[in-house]
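Which chain is which? The protein sequence lines are A and B, in order.
Going by the numbering used here, the letters in the first sequence line up with residues 2 to 428, in that order.
Going by the numbering used here, the letters in the second sequence line up with residues 2 to 428, in that order.
Be a bit skeptical, because a hint or two may be false.
To be verified - No more than 27 Å apart at the CA atoms, straight line, and that leaves these computed lysine-lysine pairs for BS3-like:
| no. | chain 1 | residue 1 | chain 2 | residue 2 |
| --- | --- | --- | --- | --- |
| 1 | A | Lys160 | B | Lys160 |
| 2 | A | Lys360 | B | Lys72 |
| 3 | B | Lys74 | B | Lys341 |
| 4 | B | Lys92 | B | Lys335 |
| 5 | B | Lys160 | A | Lys74 |
| 6 | A | Lys72 | B | Lys74 |
Worth flagging that the hints you see were computed from the coordinates, not collected in a lab.
Number of protein chains: 2
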Amino acid sequence: MAVDPPVQHVVIIGAGFGGLAAARDLASAPFRITLVDRRNHHLFQPLLYQVATAALATSEIAWPIRYLLRKHKNVTTLQGSVVGVEVQERKVLLDGEEPIFFDTLVLATGARHAYFGHDEWEPFAPGLKTLEDATKIRRRILAAFEQAEWETDDAERAKFLTFVIIGAGPTGVELAGTIAELAHDTLRNDFRNFDTRSARVVLIEAGPRILSGFSERLSAYARRALTRLGVEIKLGHAVSKCGDAGVELDGVFLAAKTIIWAAGVAASPAADWLNAPADRAGRVLVEADLTVPGHPNIFAIGDTAHVETADGKPVPGVAPAAKQEGRYVAEVIKARPRGKDVPRPFTYKNAGNLATIGKRAAIVDFGWISLKGRMAWWIWGIAHIFFLIGLRNRLAVALNWLWIHTSGERSARLITQGEAKKGGIKL
Amino acid sequence: MAVDPPVQHVVIIGAGFGGLAAARDLASAPFRITLVDRRNHHLFQPLLYQVATAALATSEIAWPIRYLLRKHKNVTTLQGSVVGVEVQERKVLLDGEEPIFFDTLVLATGARHAYFGHDEWEPFAPGLKTLEDATKIRRRILAAFEQAEWETDDAERAKFLTFVIIGAGPTGVELAGTIAELAHDTLRNDFRNFDTRSARVVLIEAGPRILSGFSERLSAYARRALTRLGVEIKLGHAVSKCGDAGVELDGVFLAAKTIIWAAGVAASPAADWLNAPADRAGRVLVEADLTVPGHPNIFAIGDTAHVETADGKPVPGVAPAAKQEGRYVAEVIKARPRGKDVPRPFTYKNAGNLATIGKRAAIVDFGWISLKGRMAWWIWGIAHIFFLIGLRNRLAVALNWLWIHTSGERSARLITQGEAKKGGIKL
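Bound-form chain A, shown alone:
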């Protein structure tokens, strides 16, 4: 009589786009799957800047991970914080919980912002990766306007009304455009002691142009569109200092009470856990099948992995890439017990590159065609609603956008997790 082989235990760390895609695709096979994440929710990061700028509610772009996997009875979701991996003993070490043993491990632990050796800048210039980051940035932006309303000295008030965004990739551009709209349009009638349109939004980029991932033509269009919204763009300027009073650009000080960091990311410490080779951003240099060198049962995907396309370019750290990698890894893991070799190494299929500039313009690059302006904005909007999970959130986000476009109002202008205190409003 044949004995059933023991059920293979696949452990996935991280429920971002990559980890979630892997879990869903693996769930159809007879594995035992455990998905561990520090958070209880999967986050739709591409719209996080809209939470930071008071357009969307936190719950409209986040879903409980276990809810998304509720129908897959072979998947257990655990909220916990991974602190290491013991490769030989095949166990994942957790903060405050017993270790979890694995047969196969998928590391999809994502990235955090990187301050290029200036971690001391973080308190003054928060980055945007989590819901807490988003509500913190929202609080700082709105509280700056609140403090400006108290201020009687014009020079002091100007500091509260200067918003600096460092880094002109998609997130920096989206934030700058939306903050400019907030100041020049949404908040226009709400203050008595100053004109919100006097606010300055300054976008700082060390490189020679904004949105350098796009063609020069689209990048130039985006620059014009941002300028039309009132954003000041400073190209070729590196920030040399960052503090509670402002930033220093090539020796020149710019006074600003609100600074946002959108300049760089670093991978999570997964490479350190494995003692694996990594690129400068800390991403594991994986094999062609996305396994960690020397560890055929450990995979790294998404922002945790450095993957190259056929022409030697790195696969970008975007949601579609992470999803494709998650699905690919699931395919590899499912093929193995059947004795099949995986037919081909991972290949990245570029689904297109999108960025939006305020609520009326966007740029879209599909490779075979590129678009800008209103039409691109519609493609951007429809694509983002399509990729949201679940009908309810699609309806809610569509309703919110419709509302913002017709009324100019933003519904989530809340200062929370901080209130008025000695010396002003708590940041």
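Position chain B against the provided structure of chain A, taking the given hints into account.
The following block gives chain B in isolation, referenced to the frame of chain A:
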């Protein structure tokens, strides 16, 4: 030639139901009005329990105060924390800002939960008054289920799956009913290591019945409806201890990791600021025209004031009462410069008393008629949507409720402002 009299400056402290109603009604008169609140938002407290139980997003029940008053150019809104009033010099003292001088002052500073001399219980048994309270309680409820999923010992797990609500007024009943639905319905398919239906929801009330503000018949109905939802009701039990492991009831210990306080409120320190006579809960004993005794230019309204109806009963601490008082005070203040006496003392018009038990039952008492069950639930729902401010939030809340009722899903199941850490999930 006649000289215009100087414009009277009315300062309102607090933008709850009372303060906001006063500001809106006063804005039509030629006053200069300043509205100060510690928060930047007005909160629809009657639905706060739905944020705490993951049904609604924070932004669906809160609006920026200055946005609500944007069309009244004679109203200035300031976010700041009042620390005292100098009655003789007619100035309001603020934390970290210059004082504000007033001709007329309206104190609408609301209430906080009261622990009847046991303030040390607060960390273990948070109350529900602010958006932060609501997201904290939501985090604790959801994190308790997350921790139960890790737990291997049944007795330990039971502690995480026991939810104690202290106080069976409307808030306690609404929380207990909704947490029971969450455990027995919403979360049913989402966990692998235990059955969420094994969760216990215990509602503790020191008095002889729940919802004592209603008739015995409606109260008995509510009790049956709650019991049907699986809530254990303990009447005539006073909590004698409260800690991180549970509560003690008349000497008997009940192990529970999640405790919520819904037992009592105390007024803000406004009476202390004025050195004015107050009742036991700290509410100012105001005159028939809602002025503070001896200070005809200072009013107290809402939860800050102890007001009695014609038959000597205290006016309840509910939104309609605060609104009526705010409007009345505006009428008094507007009548004075015209040399008119206010025709009559304040009278409270009872608009009806409503409470809901889960998502299918409610009780409604209009005085001339009382209702229970489905029909009452519809009245409750329609009334609450009607009293929300703005079409957008009405649509958003209605959409959410429709979704919850048809799918059983709750959209705001987010654990935020706290993540997994040493020894479990941060609370």
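Structure-based check of all given hints:
1. A:Lys160 to B:Lys160: Given that 27 Å is the threshold and the Cα spacing comes to 51 Å, the pair is violated.
2. A:Lys360 to B:Lys72: Roughly 24 Å separates the two Cα atoms, so the pair holds.
3. B:Lys74 to B:Lys341: 26 Å, holds
4. B:Lys92 to B:Lys335: 21 Å, holds
5. B:Lys160 to A:Lys74: 25 Å, holds
6. A:Lys72 to B:Lys74: With a Cα-Cα distance of about 54 Å, the restraint between lysine 72 of chain A and lysine 74 of chain B is violated, given a limit of 27 Å.
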